[in-house]
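Undergrad: Spelled out from the first residue to the last, the chains are:
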Amino acid sequence: MDFAFSLIRQMRDSLRDLAPVVLVIGFFQLVVVQQPLPPSVDLLDLITGLIFVVIGLTLFIQGLQLGLFPVGEGLAEAFARKGSVFWLLLFSFALGFGSTVAEPALIAVAAKASEVVAEGGLIANTPEVQDAFAFKLRMVVAASVGTAVMLGVIRILKGWPLHFMIIGGYVIVLLLTLVAPSEIVGIAYDSGGVTTSTITVPLVTALGVGLATAIKGRNPMLDGFGLIAFASVMPIIFVLAYGLLGI
Amino acid sequence: MQFLNILFDTLLDIIPIAAIIFGFQYLVIRKKVKRLPQVLIGFVLVLIGLSFFLLGLEQALFPMGNLMAEQLSSESFLPSLAEGAQRHWSDYYWIYIFAFAIGASTTIAEPSLIAVSIKAGEISGGTINPFMLRISVALGMAFGITLGTWRIVMGLPLQWLVLGAYILVIIQTLRSPKSIIPLAFDSGGVTTSTITVPIIAALGLGLASSIPGRSPVMDGFGMIALACLFPIITVMGYAQLAEWLEKRKPKNKAAVSSDR
Chain A
1 MDFAFSLIRQ MRDSLRDLAP VVLVIGFFQL VVVQQPLPPS VDLLDLITGL
51 IFVVIGLTLF IQGLQLGLFP VGEGLAEAFA RKGSVFWLLL FSFALGFGST
101 VAEPALIAVA AKASEVVAEG GLIANTPEVQ DAFAFKLRMV VAASVGTAVM
151 LGVIRILKGW PLHFMIIGGY VIVLLLTLVA PSEIVGIAYD SGGVTTSTIT
201 VPLVTALGVG LATAIKGRNP MLDGFGLIAF ASVMPIIFVL AYGLLGI
Chain L
248 MQFLNILFDT LLDIIPIAAI IFGFQYLVIR KKVKRLPQVL IGFVLVLIGL
298 SFFLLGLEQA LFPMGNLMAE QLSSESFLPS LAEGAQRHWS DYYWIYIFAF
348 AIGASTTIAE PSLIAVSIKA GEISGGTINP FMLRISVALG MAFGITLGTW
398 RIVMGLPLQW LVLGAYILVI IQTLRSPKSI IPLAFDSGGV TTSTITVPII
448 AALGLGLASS IPGRSPVMDG FGMIALACLF PIITVMGYAQ LAEWLEKRKP
498 KNKAAVSSDR
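Protein chains in written order, with this note's numbering: chain A, 1 to 247; chain L, 248 to 507.
What the hints contain is simulated information worked out from the structure, not anything from laboratory work. This structure is a prediction, so every number in the text was calculated from the model and none was measured. Just to be clear, a hint being listed does not mean it is correct.
[Unchecked claim] Some chain L residues close to chain A (C-beta under 8 Å, calculated; not the full set):
| # | residue |
| --- | --- |
| 1 | Leu259 |
| 2 | Pro263 |
| 3 | Val286 |
Virtual Cβ for every residue (Gly too), placed ideally from N, Cα, C.
From just these sequences and the hints, can you work out the full model?
TA: Right under this line is the structure:
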């Protein structure tokens, strides 16, 4: 019964969350563009699609609170009690690497990036070379996210302030931008954004917050957040460095 | 049929993560997961929910996004041009408005941002309103995308805009309440995820391919980077505003009581 109630409440929230998108697209289509839908877009598909989005969002958020959040926090607490830094760091790296390497958005961007780089003449313009480049790029990005989550966890353990580290990261990004091949710069900057997927974010957030809650002397608000921030700066550094050294 | 394909892809995405989690749980920590049935139901809900979500996006939002980007940047939609004249960047004003509106509205519906804002609301003990947090992120994101479209129209180098945004972030960091900084930096990364990335990509691609002198391959990149940076600035702005309002409140009351 409780579950049904929270499902209905969540459904209402999802409708509210989706309403702006529908309004924006409806306004632009009806008022600004004022053109009939082309035959490639079917109105019935649009409506069922929107219903699917609402159902999907509702179930996802429910599942998040039942599954992903408790597991992430439980693990963080268990690691904090076990006190083994080695296993915690290994876990952080594995979580970052494993959740990124199969990420569909990253696969798409890596394929696109190999085209750009081939067009820019940095690598040979053949499918094999491009595929190899896309694969290596994915590995580089996944390794960078693994490193980022690991570094973020070390920061929580030590209680270092986040902003110095992130701003230091920015300085490294800027310095590398000056010397890296220009074709790679746009790809590198974007790779920071695509790495944080819908499943990774809740897990990593729960891990960070759980650790900061379980460790004495850490404040969950000050120390618990920030893992995602590392995961969005580190790939830029790794990809720029890869463009500089690896090609 | 399409649903099964998406379900399978999502499953492939979840399996490595689940393997890592349960592997460490049982092999390293060697303790049972608390309330295992509930957690498993949660994982299944995440799997089914995400698949439905993606299916709906592919059926409804992405085709519409593509269509709008195409229509708004097509030559027949733009104001008519005198013979031989160059297009001014302001001719594309509907594109900027659309970029802003679609950026803000998709961010509100972004599942990973909802996740982070739920956590932030829980931990802050009510000082951070999850919905206000999402609105500030959405505004920052919308501004970043609009700037990105303008950059494509103007053909400016991405580095300079990113450098400018970095400087703003640093200034904001120095001026903001300490407790918001980590959350603000996190919200930059979470904005660009399931819904927003494909829509931004469609917009950038449509724009870069319709503007003379821009290559879709070279100039389509870079929007995501800007979309990631501006939420950091606006979330810190939200915290500053909240702090300022908080400071003003008791003063107002004091003023009222002294009037009496």
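Undergrad: Hints first: check each against the structure and report whether it holds.
TA: Here is what the structure says about each hint:
1. Leu259: Hint holds; leucine 259(L) Cβ to chain A Cβ min 6 Å, cut 8 Å.
2. Pro263: holds (4 Å)
3. Val286: holds (5 Å)
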